[in-house]
Amino acid sequence: MTTIVTDNCKNCRFTDCVSVCPVACFHYDDEMLYIDPEVCIDCSACIPECPVQAIYEDDDIPEDQEHWIEINAEKAAALPVIEEQMEPLPGAEERKTELGF
Amino acid sequence: MDNLGTDNNPLLAVIVGSGPSGFYAAEALIKSDVKIKVDIIERLPSPYGLVRSGVAPDHQKLKQAINLYKKIADTPDFNLIANVTVGKDVSVEELCESHHAVIFTCGAETDRKLGISGEELKGSHTATEFVGWYNGHPDYRDLEFDLSQDVAVIIGQGNVAADVSRILSKTVDELRHTDIAQHALDVLAESKLKEIHVIGRRGPAQAKFTPKELREFGELSDCNPIVQEQDLALNDESKKELEEKSNIANKKIYDLFTNFSKRELDSNKSKKCFFSFLLGPKEITGNTSIEKLILEKNELSGEAFKQSAKGTNETIEIDVGILFRSIGYRGIPIVGVPFHESWGTIPNEKGRVTENNGAIVEQLYTAGWIKRGPSGIIGTNRACSVETVNCLLDDLTKFNSEIKKSGAEGIYLILNDKNIRHVSFDDWAEIDAKEVELGKPKGKPREKYTYIDEMLSVIN
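Same order as they appear, the protein sequences are chains B and R.
Anchor point for the first sequence: position 10 equals 10 in the working numbering, and the numbering is continuous, going up by one each time.
Anchor point for the second sequence: position 146 equals 1146 in the working numbering, and the numbering is continuous, going up by one each time.
None of these hints come from the bench; they were simulated from the model.
Check the hints yourself; a few may be wrong.
Cut-off 35 Å, straight-line C-alpha distance, at most; resulting in silico cross-link-like pairs (DSBU-like, lysine-lysine) [as the list claims (entries may be wrong)]: (1) B/Lys10 with R/Lys1212; (2) B/Lys75 with R/Lys1271; (3) B/Lys10 with R/Lys1252; (4) R/Lys1240 with R/Lys1272; (5) R/Lys1245 with B/Lys10; (6) R/Lys1240 with B/Lys10; (7) R/Lys1035 with B/Lys75; (8) R/Lys1208 with B/Lys96; (9) R/Lys1239 with B/Lys10; (10) B/Lys75 with R/Lys1063; (11) R/Lys1240 with B/Lys96; (12) R/Lys1272 with B/Lys10; (13) B/Lys96 with R/Lys1031; (14) R/Lys1418 with R/Lys1442; (15) R/Lys1035 with B/Lys96; (16) B/Lys10 with R/Lys1031.
Over the 10 Å line for every Cβ pair with chain R, so calculated as not near, a few chain B residues [stated by the list, open to error]: (17) Ala24; (18) Asp30; (19) Asp36; (20) Asp60; (21) Glu74; (22) Ala77; (23) Ala78; (24) Leu79.
Ideal Cβ placement from N, Cα and C applies to all residues, glycine included.
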């Protein structure tokens, strides 16, 4: 069981989730965040924090987002941990509106 | 004297309470650019607060948050002083002498009362004490819960109510390989409960469960989750609440209740767990112990997202054998520290302690449930503690940097004078290892010590 960051995070990277993660399991690159499934404790604190609802528990994840399960595991293993909330990416607010939030 | 917060003149901070908010505050202090030495004082010989004694035994994965706390404890500027009670063994005044800053992260150890007649009868309990009891907390070790009854009622529909009702609904087999306290497992093994009622004062759209916790009721091996279809009716405001895109958690909860209402009853399962709504407890009656619960039917009023429950004066009466109120934890005041009586918190401005009139109190800070009130989950405390520590760091120039403070050494002098055996993190590691060892033959992650003198005998 793990929690997964999906599509909507891309080009937003709000990072509200990071400030409530009890185990610092978010990793980042220029585009978005990824959750390390080895460290995540399934507390679900991050899920309601995301302004664009990009995060899912794995038994709740829509079929068309399932490929993100593997991507999160791979990317988290190779990228640095993000410890603190950062400024969202440029264009994040527009993307949020586009996504209907 | 060198500037405060440098290697030769480190800031000395003491944190009261070693639960999540305490550890996240320690983490934020240690990671900052300022040189800080952190002492955490803890009342019990064991650290970790509600992660150890609140999080349910069948939620072992959540307890892995402790792995991060161990890393924090392993840093050179961190020091644990456990088995020491602030307000009894050492005063807040003494902490202000020995340290530059004091951060209260002592949580909310008592509970909100229902305020109804019969609440104090035998058989009427609090979720706080039941959770502490099955989690082996020494304060609750010797309590008794009569599970030979048919009917249990839990008042409240938050995650603590979910934990209590789920533990009562589970079989011994579902619990025997967890770190549940042995004395509790023995009592639960004899349980004769047939019906568990989880009662909320508002409607199904306002229940405070998280989807994950509620979903578990659909996966129990010996208990049917039941919701009556007619109880799913929604007023316009509730419909509006569920249609709001950002309110996805409540929508998931409502869908789960709907799913439960449509399930076929599995006659092989011996227990039923009912979720009922729009009912408020009015009175508990009984002779020497509880016998009946009188509930008042409620209706919702107000705008969407501000729906409140109002009594209709129409009542129903149910037989009840054991009752748990689970309507919120509540903080306990500390001698020498301002306290907000109606909220059960330490008055503060973003974590800087204030008097009730808003005047800032120097040197004192607060984080976690005693700052915000008892809401949120483990991770919620991280952002909260970071906010408090940021304020503390902003105040750096206000602390007295001229006098050399005594820090932990000052506290040890006071404790040694009183013959108090304080427990270090290394001591705790010994107790911890012994608990794990004791759990092994039973296939449990650990067998907890449930008496303080047992814990201390490991290290003495």
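Hint by hint, here is what the structure shows:
no.: 1; hint: B/Lys10 with R/Lys1212; result: holds, 26 Å
no.: 2; hint: B/Lys75 with R/Lys1271; result: violated, 45 Å
no.: 3; hint: B/Lys10 with R/Lys1252; result: holds, 25 Å
no.: 4; hint: R/Lys1240 with R/Lys1272; result: holds, 31 Å
no.: 5; hint: R/Lys1245 with B/Lys10; result: holds, 20 Å
no.: 6; hint: R/Lys1240 with B/Lys10; result: holds, 30 Å
no.: 7; hint: R/Lys1035 with B/Lys75; result: holds, 34 Å
no.: 8; hint: R/Lys1208 with B/Lys96; result: holds, 27 Å
no.: 9; hint: R/Lys1239 with B/Lys10; result: holds, 31 Å
no.: 10; hint: B/Lys75 with R/Lys1063; result: holds, 25 Å
no.: 11; hint: R/Lys1240 with B/Lys96; result: holds, 22 Å
no.: 12; hint: R/Lys1272 with B/Lys10; result: violated, 44 Å
no.: 13; hint: B/Lys96 with R/Lys1031; result: holds, 32 Å
no.: 14; hint: R/Lys1418 with R/Lys1442; result: violated, 39 Å
no.: 15; hint: R/Lys1035 with B/Lys96; result: violated, 40 Å
no.: 16; hint: B/Lys10 with R/Lys1031; result: holds, 29 Å
no.: 17; hint: Ala24; result: violated, 7 Å
no.: 18; hint: Asp30; result: holds, 24 Å
no.: 19; hint: Asp36; result: holds, 12 Å
no.: 20; hint: Asp60; result: violated, 8 Å
no.: 21; hint: Glu74; result: holds, 22 Å
no.: 22; hint: Ala77; result: holds, 18 Å
no.: 23; hint: Ala78; result: holds, 21 Å
no.: 24; hint: Leu79; result: holds, 19 Å
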